[in-house]
Amino acid sequence: MAPETPSTARENPEELPLIGREYDYRAITDKISSIVLTRPAPREWYAAFGVGLVLVLVLHVAAGYLFYKGVGIWGIEIPVAWGFAIVNFVWWIGIGHAGTLISAILLLMRQKWRQSINRFAEAMTLFAVMCAGMFPLMHLGRPWFFYWLFPYPSTMGVQPQFRSPLVWDVFAVSTYFTVSLLFWYVGLIPDLATMRDRAKSGWVRRIYGALSMGWRGSAEHWFHYEMAYLLLAGVATPLVVSVHTVVSFDFSVGLVPGWHSTIFPPYFVAGAIYSGFAMVLVLAIPIRKIYGLEDLITMRHLENMAKVMLATGLVVAYGYLMEAFISWYSGNLYERYMMWNRMFGSYGVYFWALMLFNVLMPQAIWIKRVRLSVPALFVISLSVLFGMWLERYVIIVVSLSRDFMPSAWGRYSGTIWDYLTLAGTIGFFLFCMVLFIRLVPMISMSELRAIAPKQKEGGAA
Amino acid sequence: MTAERPMYGLIAEFDDSESLLAAARLAHEAGYRRMDAYSPLPVEGLAEAIGIRRTRIPLIVLLGGLTGCLGGFFLQYWIAVLDYPINVGGRPLNSWPSFIPVTFELTILLSALSAVAGLFALCRLPWPHHPVFNLPPFEMATQDRFFLCIECQDPRFDPEGTRRFLGDLRPRGIHDVSS
Numbered sequence: 057m058a059p060e061t062p063s064t065a066r067e068n069p070e071e072l073p074l075i076g077r078e079y080d081y082r083a084i085t086d087k088i089s090s091i092v093l094t095r096p097a098p099r100e101w102y103a104a105f106g107v108g109l110v111l112v113l114v115l116h117v118a119a120g121y122l123f124y125k126g127v128g129i130w131g132i133e134i135p136v137a138w139g140f141a142i143v144n145f146v147w148w149i150g151i152g153h154a155g156t157l158i159s160a161i162l163l164l165m166r167q168k169w170r171q172s173i174n175r176f177a178e179a180m181t182l183f184a185v186m187c188a189g190m191f192p193l194m195h196l197g198r199p200w201f202f203y204w205l206f207p208y209p210s211t212m213g214v215q216p217q218f219r220s221p222l223v224w225d226v227f228a229v230s231t232y233f234t235v236s237l238l239f240w241y242v243g244l245i246p247d248l249a250t251m252r253d254r255a256k257s258g259w260v261r262r263i264y265g266a267l268s269m270g271w272r273g274s275a276e277h278w279f280h281y282e283m284a285y286l287l288l289a290g291v292a293t294p295l296v297v298s299v300h301t302v303v304s305f306d307f308s309v310g311l312v313p314g315w316h317s318t319i320f321p322p323y324f325v326a327g328a329i330y331s332g333f334a335m336v337l338v339l340a341i342p343i344r345k346i347y348g349l350e351d352l353i354t355m356r357h358l359e360n361m362a363k364v365m366l367a368t369g370l371v372v373a374y375g376y377l378m379e380a381f382i383s384w385y386s387g388n389l390y391e392r393y394m395m396w397n398r399m400f401g402s403y404g405v406y407f408w409a410l411m412l413f414n415v416l417m418p419q420a421i422w423i424k425r426v427r428l429s430v431p432a433l434f435v436i437s438l439s440v441l442f443g444m445w446l447e448r449y450v451i452i453v454v455s456l457s458r459d460f461m462p463s464a465w466g467r468y469s470g471t472i473w474d475y476l477t478l479a480g481t482i483g484f485f486l487f488c489m490v491l492f493i494r495l496v497p498m499i500s501m502s503e504l505r506a507i508a509p510k511q512k513e514g515g516a517a
Numbered sequence: 011m012t013a014e015r016p017m018y019g020l021i022a023e024f025d026d027s028e029s030l031l032a033a034a035r036l037a038h039e040a041g042y043r044r045m046d047a048y049s050p051l052p053v054e055g056l057a058e059a060i061g062i063r064r065t066r067i068p069l070i071v072l073l074g075g076l077t078g079c080l081g082g083f084f085l086q087y088w089i090a091v092l093d094y095p096i097n098v099g100g101r102p103l104n105s106w107p108s109f110i111p112v113t114f115e116l117t118i119l120l121s122a123l124s125a126v127a128g129l130f131a132l133c134r135l136p137w138p139h140h141p142v143f144n145l146p147p148f149e150m151a152t153q154d155r156f157f158l159c160i161e162c163q164d165p166r167f168d169p170e171g172t173r174r175f176l177g178d179l180r181p182r183g184i185h186d187v188s189s
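Respectively, the protein sequence lines represent chains S and D.
Okay, so the first sequence: first residue is 57 according to my numbering, each after it adds one.
Okay, so the second sequence: first residue is 11 according to my numbering, each after it adds one.
Possibly wrong hints are sitting among the right ones.
[Unchecked claim] According to the in silico footprint, chain S covers these stretches of chain D (three or more CB under 8 Å from chain S): (1) 36-50; (2) 63-76; (3) 89-96; (4) 112-123; (5) 128-134; (6) 150-158.
Derived by calculation from the structure, the hints in this document are not laboratory data.
Virtual Cβ for every residue (Gly too), placed ideally from N, Cα, C.
Just chain S, same shape as in the assembly (with noise of 0.2 Å):
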């Protein structure tokens, strides 16, 4: 065991195993249904579950006064009508891009370590976008009128506008949330089945032989099924992509300086697929930690997914890059001032802090020693998390309090109601994760039955 010793350190990463070699299909089914079925719960998930808890009651109190008394509680003015709102909007999409990367994209290209981490990323995925999607609402202003969003047959004879992205929005992020969810619940059919099989009490039993809808893994079944989950794959592909690219065009169709760009599509996909990685390692370091999982997430696992966050870290910072190049390029009076105000303004800090945390500190990957360092990933990802959640901001309020007209001018920051917000939708992410850990199987045990490295006595490897 212990991969993540020094001797190990040094072969090459090809051969580090994707799972333990002792596991055969018995020892997969027992080691992640246990988790679910027997283990009692450890301390550790106790304290995520209430911390988990106190931040959802925080978010219900300050969605509550919210709700009472109106946005005004938060920070947002004219000009900077978008404040933390959208700012954290973007940041949670974007963490939810990696779930279906691992899941979709990666299962395209036949990448057999996806097989460890699709299912948690996947319920990443839904529980970053049901965050994600409470920002939009709560910045409503009259919330309970969100459903004009959707064309309806109003009484009121009026129709949404097709030309807005902000509608665009709506289709796109309704249609990821329901589209992960089918994703994840189709991949979590035969497991589902598995467990209505090892549940001991008769309860638990029919609630998962109900959630598996029968299944009983018929040749026929299973030849549907992985079509079925091949063609998801290929429309969940393009559609991770269009996500954040319809996000990317809040911005860039606007005429804001610092807004209206067209490297924003790319650099917003790149970003949001960077952040979802860092939030995959943040999750899978203390989970595979607790419930002892390192032989089945091992440092294989954790080291692709650091260089695909690398990878995707600088395709990031070659936007930041042509952001400030085409600005000065342009010769535009106000692009050329926004860039500058953006490095050396008022809010010049929050650009260099941006700086060190996504591009500085993340080259610390090119280090092997770094990559098989499993502290030093956890911090890694830390700072990605922070420095995503950074850019947003200063795209989002640096621009708008500097625009045209310096009598348009202003400055913006986050109430007390603004960050109490964010750190509620962070426990209501971290108590739904706890939830899922404990009631489903966390990593999909068909899929790994298929690179289980050795098989049962009798039969051929």
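Using the hints, position chain D against chain S.
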């Protein structure tokens, strides 16, 4: 205990996917058609071995995607041009490039929904009380055992002959499945 109930079929239990695949091929060669194989993971070639050649899922997804694509575009066209036209400085009402993102999203949405609906329909799920669940050892089918079930309704089924045929496949065990 279930001797009174009519029989559904005979099921042979195997240890690994290769034995199941070989057994399924032999059973198909022997002329059995009403049968099914059960495994805890997808086994390549198993569906073909018991005579299932194609799946209609791709067609269903294509139809769903086309519905989403055309429906999504004409929804926007109808709203922006016919039902609720807004004249913005004389620009064309049918500004189709700005309808592309929602058209795309609805294509994906309907493709995914039809993939899942098609999967459930073709597998005839939910089906919580299939006869194979009456067999206690069958709970291993979702864990680490492989099963081949020949149903009584097969024209070539004959309780003794089929049992002998399954026995020749050297399974781990043969069980009666009551319906």
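These are the hints, each one checked on the structure:
1. 36-50: Check passed, 5 qualifying residues.
2. 63-76: holds (count 5)
3. 89-96: holds (count 5)
4. 112-123: It holds: at least three residues are needed, and the region 112-123 of chain D offers 9 whose Cβ sits within less than 8 Å of chain S.
5. 128-134: holds (count 5)
6. 150-158: n = 5 at 8 Å, threshold three: holds.
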